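Q: Here is what each chain is made of, one letter per residue.
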Amino acid sequence: MNLSRAAARKLGNLAGRADEKVSDLIAERGGNASNVRQAGHWGNKKLGEAAEAAAQGDKSAETAIKIVKQARRLGEEH
Amino acid sequence: MRGLNRQSALDAFQELALRDDQRLEEVWQRVASGCRELIALKFPAGVLTFTADPDADTVEVRCQEAETFDPSGLVRADNPPWASLIGRPFGWGWIAINQQGYQDGALLSFGGLEPSVLLVAAASSLRVYAVNELANGSIAANDKG
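First to last, the protein sequences are chains A and B. Each position in the first sequence, counted from 1, maps to that position plus 1 in the working numbering. Each position in the second sequence, counted from 1, maps to that position plus 32 in the working numbering.
Not one of these hints is a red herring.
Straight-line C-alpha distance at most 25 Å; calculated SDA-like pairs for lysine to any residue:
id, chain 1, residue 1, chain 2, residue 2
1, A, LYS60, B, ALA109
2, A, LYS60, B, GLN132
3, A, LYS60, A, LEU15
4, A, LYS22, B, GLN131
5, A, LYS60, B, TRP114
6, A, LYS60, B, VAL63
7, A, LYS60, B, TYR161
8, A, LYS47, B, SER65
9, B, LYS74, B, ASN111
10, A, LYS22, B, GLN132
11, A, LYS60, B, ASN164
12, A, LYS60, B, LEU150
Treat the hints as calculated values from the structure; they're not laboratory data. Predicted model, so just to flag it, every value in this text is computed and none were measured.
Okay, chain B solo, but in the shape it has when bound:
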């Protein structure tokens, strides 16, 4: 069952990635009692939806056709890191499985293969992290070998 969940998440990413020029148009979320339960990333042809399972703090990923997407009950998320990603094409998606065996995170790239957003479920809510590569200078400074 868990394997299927993992594969379905990866299939959702692939379903979107196979379509040409899928640029992020809008980001929606559902927040209830302080919990960000759902995040929906709307692209021209499809919508990637991330949902936190409140019983296990895992993340479910789905892809649906854009024309079937109904944002009622959701609010627009125009804050960082999403604001800077609007208009950028979807790149790759990764899922994260922690040492306990739970699929509790997802990593996303836009406009290439460098990850830029990390989503992690905790206490029934999706936490959003911006991912930034350290400058090359940092590597050089620490690489004495």
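Same shape as in the complex, but just chain A:
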């Protein structure tokens, strides 16, 4: 899907994956079922749709995008 400039900015380097489903991206990036639940109804929508909503100020869409970006849990420091 064609993203608006504002929506693309919301996604950072995930802008190229706008057509993929949020829940699929969370799983692919190492997220768990809890992460998918936290994404709420955005889990069943395309990342690009969440980005367009986030660009309009939708906080839940912003949260879903953040969950995708941070789905991979970083390891311990030590």
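Since the structure of chain A is already known, use the hints to place chain B on it.
A: Using the frame of chain A, we list chain B on its own:
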């Protein structure tokens, strides 16, 4: 690498805190396509800069000399909570690391050690929260033990 990022953020706070009487003079921000990408807090001797990383929704913190600060491309932020903090000295800074392991927030105090502002990165943008302590009465009312 992440440890270094964390330490560099704390070092930025310390660099400013070590200088005497650093009162907040101005707050600047860069907003592009609805994203607040950067916030710069200008003090007499230094500028604390907070930047949202659009790829990971993390927060980077830096401190630079005030004389090297160039606000071109930025706009003044005179709205709450910043307006009430102008003229107050920098206190302490904290960084926040979420359960996923990402440094995605910073907490700031002015005029003491009680935190008053929280910055959190989400969807390539910095969200700004005012932090307020609950009145003592609330503690007393809930503390029956």
